[in-house]
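Student: Listed below are the residues making up each chain.
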Amino acid sequence: MAYKNYILVCGGTACESNAGIELFENLTQELEAQGVAGETQLVRTGCFGFCEKGPIVKILPDETFYVSVRPSDAKEIVAEHIVKGRPVSRLQYDSGKSKKQVRLEDIDFYQKQVRIVLRNCGVIDPDSIDEYIARDGYAALEKVIFEMSADDVIGELETSGLRGRGGAGFPTWRKWMFSKGVKSDQKYIVCNADEGDPGAYMDRSTLEGDPHSILEAMMIAGRTVGANRGYIYIRAEYPLAIRRLENAITQAHELGLLGDNILGSDFSFDIEMRFGAGAFVCGEETALLTSIEGNRGMPVPRPPFPAVKGLWGKPTVINNVETLANIPMIILKGGAWFSKIGTATSKGTKVFALTGKINNSGLVEVPMGTTLREIIFDIGGGIRGGKAFKAAQTGGPSGGVIPPQYLDTPIDYENLAAIGSIMGSGGLIVMDEDDCIVDVAKFYLDFTVDESCGKCAPCRIGGRTLYNILARITKGQGKQSDLQQMKDIGHAMQRASLCGLGQTASNPVMSTLRFFANEYAAHIDEHRCPAGKCRDLINYAIDVSKCVGCTACARVCPVNAITGERKQPHVIHADKCIKCGQCFEVCKFDAVKRG
Amino acid sequence: MTKLTLEDLRKRRDEKKKEMQRREPAKGSVEVIIGMGTCGIAAGAKEAFDAFLDELDKNDLGEVVVKQTGCMGLCYSEPTVEIRVPDMPDIIYGNVNDKVARDIVRTHIKEKKLVDDHIYDKPAADIVG
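Just so you know, the sequences run in chain order A and B. According to this note's numbering, the first sequence is numbered sequentially starting from 97. According to this note's numbering, the second sequence is numbered sequentially starting from 73.
Keep in mind that a hint or two might mislead.
Computed footprint of chain A on chain B; a stretch qualifies when at least three of its residues, placed anywhere within it, have a C-beta under 8 Å from a C-beta of chain A [said to hold, decoys possible]:
id	stretch
1	76-82
2	107-114
3	126-132
4	169-182
5	186-195
Below, simulated DSBU-like cross-link-like pairs (lysine-lysine); rule was C-alpha separation at most 35 Å, straight line [to be verified]:
id	chain 1	residue 1	chain 2	residue 2
6	A	Lys483	A	Lys405
7	A	Lys239	B	Lys182
8	B	Lys182	A	Lys171
Hints are computed from structural coordinates only; laboratory data are not their basis. The C-beta atom is built at its ideal place from N, Cα and C for all residues, glycine as well.
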């Protein structure tokens, strides 16, 4: 026999330590006292991610969401909601209080997320075309083939305000219009699934969870610009995404949704896959096309832009996975619907891969204009271990860092550019007080130096020089003049590099120099790494007055650099120490000092 | 298979929609939907999948449908599983290992009681439809 009601109490650490345990006990007693224990199940849940407003209580089946519930509220919740069926409005989360400029009036939700791109991920079986069809799949294609002209489609995209989600934010409708406007016997649609930013996996999850949405969007693009052939350029490191796409293409073929005369119309379209070997530069559109053509993936100067002269010299529309995933919904619900979500210049939602020092890492899709604070603290559950937030990195190796003073900036293309970062493809890496900002900049330069194709000098030489300077600084061998030199090199790279990789490769350095000049100064002037990350600048020693001789550090040391008798103060031998920091982590008596 | 016409596609959509929304009481109306993205599989979704099949079998619950889906985005609590039982709210469980999977079969599906400590929140309202 199923219960009538379920009371879900968040059992995350933050909620439990905030009188959540007492709340649970009170609810148990009240259910008993008011005689509804038999028809109500009280359950403890995993973390709901809304830790700032905890403790959280959710009532099912009516989906009521209560925030900041005190133990004393238990009586009222049971008496009003469970017994009389009237929600306690003063405890309900008021979504109107959040700072988003535009809300969707047709969705009543407390969640911060709105899922358009990820609408089917985690909902349908990605290997079943029927489940996709049941969720209005291929209905947008129907509309585009039988009811809309190419200009209607482009007009709808223009109204929607959709901009490229691969990083640069170019209006999608204009790309399509350019391509449509060129007369050619052959045109192509290319899906850029060469996701390469460290820590970013939005596109992989979309392809794995909803492959048909990408096929449908490519067909819509094909119908609109007059192309009959599409390529999906995907990295070979995504075997599951490849398998699901291949399966989706086969299923679409079987039903005649791909191939000749689709749905009995005069429209024919086919899609093939091309596998990338994992070179980061191949995510750059001209390099990607060169790679599809079977050549070594290197960028070529633009213009001409691929929309006019692309694959094998033919007009080619290249859209990123996330951009494409939006399109069927825009066609079905209308550009006006889409444009209601987001900010003045950036419409719709953005998917972020939330990683780093965050409690609830994962994929989040939020309306443009959501603040970093909402993403990190309301959805992500805050910083791991209750440490201090230092910065968030967006845009991967092409982006920059966002320091704490910008936590409340609404995220859109323009605002991120104004603070020296970029939207990028959607990697969002959270850093805490233990992350060294110089080391972070060095990490990204190491990556871009490795991934630079070497064709143009500013990127090839500039990147290497920046890396060398950063490496010197992290060893305590930096000079004051390095700072100006890095800025000069960075500016030159931004202006003179051939493609986006080189033009943006200095961003991590420029951005960290701008916001964390003091941290660079500590490394250069004081030979000190404030975060305790740069090995050459730190030493570990044991404070004999605090050491109780528990031997924990000696046991954990991988190189036997710590000696001492039981219950006697221990000693770290600097000549053997490799500065791994494990003794520092393991000491319960605060006796291991880092300096 | 024959190629679909526009009419065929629309008919097929209506039929599948009804099936998915369980408007018609069909066989196998209890569903176990396991997140099988790269992230879920890496966290042990395949082990959970096997545990569900085995435990359902042991409890003579052969009519329960076990399905896969993509990543829900709750990476910190993978593997994630959605359980849909008639007359009960749809529930998302996270950190579902072998033991939790068996617990879900016995407690949630058989006894119609929710399982403690593993429920997570749906990340967003559904916009389709």
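Student: So which of the earlier hints does this model not fit?
Tutor: 3, 4, 6, 7
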